[in-house]
Amino acid sequence: MNDRAQPTLKRVTNESGLEVQPFYTAADVAASGGDAMIGQPGEFPFTRGIHREMYRKQPWTMRQYAGFGNPADTNQRFKYLIANGQTGLNVAFDLPTQIGLDSDDPLAQGEIGRVGMSVDTLRDFEIAFDGIDLDKITVSMTINGAAAIAIAMYLAMAEKRGYDVKKLRGTAQNDILKEFIGRGTWIFPVEPSIKLVGDTIEYCAEHAPKYSPVSVCGYHIRESGATPAEEMAYAFCIARAYADEVIARGLHVDEFAGRLSYNFNIFGNLFEQVCKFRAGRSLWAKIMKEEYKAEKPGSMWLRMIAAGGGGGLTFEQPELNIVRGAYYALISALSGTQTMALCSYDEAYTIPTEYSARISLRTMQILIAEMGLTETVDPLGGSYYVETMTNQMRDKMEEIIAETDAQGGIVKLVSEGAIQAKVSAQAYKMQRDIESGAFPKVGVNCYRNDQEDEHKVDFHPYDEDDARVQIESLNRVRAERDADRVAHTLAGVGEAARAGANVMPAIVEAVKAYASVGEITQELVKVFGRYQEPIRF
Amino acid sequence: MNDTAQRRIRVLLAKPGLDGHDQGAKVVARAMMDAGFEVIYTGLRQTPEQVSRIALDEDVDVIALSSMAGSHLPFCRKLKPLLEANGLGDKLWMIGGNLPAQDHDALRELGFKGIFPTGSKLDAIAAYIRESIRESIRENAA
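One line per chain: the protein sequences are E and Z, in this order.
Taking this note's numbering, the leading residue of the first sequence gets 431, the next gets one more, and so forth.
Taking this note's numbering, the leading residue of the second sequence gets 969, the next gets one more, and so forth.
One chain only, chain E, in its complex shape (with noise of 0.2 Å):
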């Protein structure tokens, strides 16, 4: 309790539970161990940004995630998307394809195209990507389940179009851990599904060094209900289960941390959000040289995506999403991220229109042509706010972390369903605060329209017509390809998991013979089996 506090004012405490005091000087600093982490701009360990000059060099990539329908419709809005000044592409796949089946598969009747775009074999991606220079604009993935598999479609994608692979730039999100804590898309076990992104690892090491394999996700955990010092300490856990895995086969920290990235989220309070993200950068560079024993800079790097946050939106008053998403992008741009996908105003309800895309983007751009956030390197370095705060996240971040390793470890606490549960629960928590008005919430809580038709907006329209179309277009690949190739490379799927080998090779010469996301998961479950999710409440 801050002495100077005067007892009068109502107490403040952030989401992560550290009290916000009414105002700070450089006595809080020292007390909450003064400046040896904040180091400069470009040097360990990196709390003020992982690059000397920042955005003086070189802005954000502008990366808004993208894609509906059959790969024909997104190929559009790529170019669309591009055409408006985009610098990046952050593919949307549908549900089936996320978890392994075809567009024919009975379950995915009724999803396919609808949150993504669909892919079933190698011809989807040669049509997303047509007339996309790879080297100009690099290509992130949201897939997690089946992303092995999407991986390998995209550098046999870029290979067969002449690129060298071993240059080529990309991200698949590829969080499968986190996937098991909120949004769904597993498909193996848990144990198997750790050794697929291994072996992405691995195999992405060796043959596309500059690709990155991993974007590890705490955007998804806090979603559900983590706190922004948990989402980051969480996902700091998945990182080193997936840096364990492959360190137990042999390979050196820097011949891959260096393209391992991160996705987080943004919405909440600013200043929580920035010292979050100082807080992490200079942790992680902190636990990838003293605990992994890293040498190179780029292998403590905390490289990552962030300006999502569609949890802060609200269904009421959708046009206040734009407002927020302004915020949220200032906040991405204050704390030094490398890539924004700023989330649109009406996703609350669906996929973003070309029009809500659009403002998104445009946002990104005031920013950089206007409002001079570009200019300089972390801007509210030296605040003595930011810089007590920065301290004090780092040290609740190492308090999780070391506090999820003395309940046997992140593994196991998501195979049990254990994080789950912890955030499940914080969720409701924060529901009925919203719900009795303890957390403010403009539109839903406090200043609402209640005579309006608050539900306004124009949505993105659903083409039922898409499955159809989708469903011919993978016949007429069955019915053109190589059957007794595809037959032969995937039995080497097969035989690949069977032997406990890395499996990637195999999937990329069933991909390369238009082997189909179903058909290549199948042969993975038949060895891998089917996860079921622990219930805990």
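I should point out that these hints are in silico values taken from the structure, not numbers from a laboratory.
For glycine and all other residues, C-beta sits at the position ideal for the given N, C-alpha and C.
Each hint should be verified, as a subset may be incorrect.
Said to hold, decoys possible - Stretch by stretch, here's where chain Z covers chain E in the computed footprint (C-beta under 8 Å, at least three residues):
id	stretch
1	529-542
2	609-615
3	649-655
4	702-710
5	775-783
Stated by the list, open to error - Under 10 Å between C-beta atoms, here's a sample of chain Z residues computed to sit facing chain E:
id	residue
6	986
7	995
8	997
9	1048
10	1049
11	1089
Place chain Z on chain E using the hints.
Only chain Z this time, still in chain E's reference frame:
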């Protein structure tokens, strides 16, 4: 059956289709438990056949779906005849989640009386269930 007056209200909470966004479903499950109901939560990726079978096996009073990814109408169209074939037409059918206003009439016509889009209050959901079950007991008694 008139034993609902004596026993706790049993609610089946199902996640239909392939969508894995279950934070809302879990929040509602907790709220319904706090409201004194018995909650059977199915977990993710339930088919219409599974939902109707669990509803029958568990002898529930309420069949509630949580849908976030837009596939609620095709799912409910498949579920309706299965529920009816299983003799569950007199149970309270509800749905919550990401449900655009223009779909509400179609859902109501399919028999989903309780529609609670994102932004609905937890206490309102519990109150609706309690009141609807009470009403159906009155109707059965009459």
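Comparing the hints with the structure gives:
1. 529-542: holds (count 7)
2. 609-615: Contact hint for the stretch 609-615 of chain E vs chain Z: holds, 5 residues under 8 Å.
3. 649-655: It holds: at least three residues are needed, and the stretch 649-655 of chain E offers 3 whose Cβ sits within less than 8 Å of chain Z.
4. 702-710: violated (count 0)
5. 775-783: holds (count 3)
6. 986: holds (4 Å)
7. 995: holds (5 Å)
8. 997: The hint holds - residue 997 of chain Z has a Cβ within 10 Å of chain E, the shortest such distance being about 7 Å.
9. 1048: violated (14 Å)
10. 1049: violated (15 Å)
11. 1089: This interface hint holds because 6 Å falls under the 10 Å limit.
Violated hints for the displayed structure, listed by number in ascending order: 4, 9, 10.
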